[in-house]
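*Asks:* Sequence:
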Amino acid sequence: SAHYDHLGIIGGKVYNGADDDGSGTTGMLAIAEAFTKAAHAGHGPRRSILFLANTGEEKGLLGSEYYANHPVFPLANTITDLNIDMIGRTDVAHEGKPDYVYVIGSDKLSSQLHSVLEAANRQYTKIDLDYRFNDPNDPNRFYYRSDHYNFAVHKIPVAFFFNGVHADYHEASDELDKIEFGKMEARARLVFYTAWELANRDERPVVDSNKP
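By our numbering, the letter at position 127 of the sequence shown is numbered 871, and the numbering carries on one by one without gaps.
Mixed in with the good hints, there may be bad ones.
[To be verified] Quick list of in silico lysine to any residue cross-link-like pairs, SDA-like style, CA-CA up to 25 Å:
| hint | residue 1 | residue 2 |
| --- | --- | --- |
| 1 | K781 | K927 |
| 2 | K781 | R945 |
| 3 | K803 | A916 |
| 4 | K899 | F886 |
| 5 | K852 | F795 |
| 6 | K922 | K852 |
Hints in this document: simulated from the structure, not taken from any laboratory.
Use the sequences and the hints to build the structure in full.
*Replies:* Written out as structure tokens, the structure is:
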């Protein structure tokens, strides 16, 4: 999942949201293209995959809430939500450091999902997985602030991929010319490889925690 809405027009200025969440939406479309090419080559995933582009995220996760209440496929058959929200920039904590992505929520409902994600990163992308915002005492409460949360409340395992906030967060200056495409690609590849493994496993990730 990714959300394609942003803040709209405020005070006559257009807030395009290139990173938030144009980057995640673009990453999701690239992942969809990769799965489609694999299917055409005879290597389609064993499970169905839904690519969910939400709107209303900035107004209170409204699009994903609506989907959770009116799903295309029964939520009982939904094994995971991999949510991509801001993957095109670098935050202050990682300036000048190797590539990274914050991963939030991957172990809260399913330790197996967390293991699959980490194994995919070790084998393919090898970027730094930063879990600092996974702390339940995180004052930013990022875990509750993007679309994956409307799946988590239904006990569906989730992972939220995020580059952290920056000076252009929720500003009109969040524009395309500031996107770091190499980092965006690496993060999208991690989501793809995680999704690929989940879509081709015999078993779905076991829910072994009751955390919301």
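*Asks:* Could you run down the list of hints and mark each one as holding or not?
*Replies:* Here is what the structure says about each hint:
1. K781 <-> K927: holds, 22 Å
2. K781 <-> R945: Satisfied, since the Cα-Cα distance of roughly 20 Å is no more than 25 Å.
3. K803 <-> A916: Cα-Cα ~17 Å, so holds.
4. K899 <-> F886: Holds - the C-alpha atoms of F886 and K899 are around 18 Å apart, at most 25 Å.
5. K852 <-> F795: Distance of about 22 Å is within 25 Å: holds.
6. K922 <-> K852: Violated, because 33 Å separates the two Cα atoms, which is more than 25 Å.
Hint 6 from the earlier list is the only one contradicted by this structure; the remaining hints agree with it.
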